[in-house]
Amino acid sequence: GAGVSQSPSNKVTEKGKDVELRCDPISGHTALYWYRQRLGQGLEFLIYFQGNSAPDKSGLPSDRFSAERTGESVSTLTIQRTQQEDSAVYLCASSLQAGANEQYFGPGTRLTVT
Amino acid sequence: AQRVTQPEKLLSVFKGAPVELKCNYSYSGSPELFWYVQYSRQRLQLLLRHISRESIKGFTADLNKGETSFHLKKPFAQEEDSAMYYCALRTTQGGSEKLVFGKGTKLTVNP
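Just so you know, the sequences run in chain order A and B. For what it's worth, the working numbering labels the leading residue of the first sequence as 131, then goes sequentially. For what it's worth, the working numbering labels the leading residue of the second sequence as 10, then goes sequentially.
Looking at chain A on its own, in the form it has when it is part of the complex:
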């Protein structure tokens, strides 16, 4: 079956522009997570969705970052007024439910802010 998909796979944008990253989780997975991986660093948690609600937004680095999820399916991560330090690989993961033993990761979106 299809795994987690993300689009675009690569995005180059100019500083100050807004970008939108998309994640399609595995069908039926109620929990969805966004992580960020900057060069040479581990994965950094951004936000967690249970269904369409986000009980934990504490990982979002600034108010330029926002995310939403609709229909307990697709999620979008939006970064406004991008900065060079936003350059990273943004990873999405889903799991069957909160507390499940495995998170399934997408291939990531590589964002480069010039």
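If you're looking for bench data, these hints aren't it; they were derived computationally from the structure. Just so it is clear, CB atoms sit at the ideal spot from N, CA and C, and this is done for glycine as well. Check the hints yourself; a few may be wrong.
Stated by the list, open to error - Covered stretches of chain A, as calculated for chain B (at least 3 residues, CB under 8 Å): (1) 171 to 180; (2) 185 to 192; (3) 227 to 233.
Since the structure of chain A is already known, use the hints to place chain B on it.
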């Protein structure tokens, strides 16, 4: 504070040699630990979890609460084991949950 430390950024061994990738954690709650692996040009995937006490691809990891460690071991490394390995801690707090990752260890198994 919740933290996962992987002290080795790079680890290189020869085929057939034993390998140990170190992981230490800091967490006030009951720890749930995982090893994730990323092979070249593939997505991150679960290798094993401490709850299952399983051996996957010859790898094992034992949770040592006294030493707050969850080291990954394999007695005889293979070239196909070359990959990035991430240790991760699941944390739950106030209705939220997330994985806290270490910075990863790049394992190279030489022929």
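Results of checking the hints against the structure:
Counting residues of the stretch 171 to 180 of chain A whose CB lies closer than 8 Å to any CB of chain B gives 7, which reaches the minimum of 3, so the coverage claim holds. Look at the stretch 185 to 192 of chain A against chain B: 4 of its residues bring a Cβ nearer than 8 Å to a Cβ of that chain, three or more, so the hint holds. Given as covered by chain B, the stretch 227 to 233 of chain A passes the check, having 5 residues with a CB less than 8 Å from a CB of that chain where 3 are the minimum.
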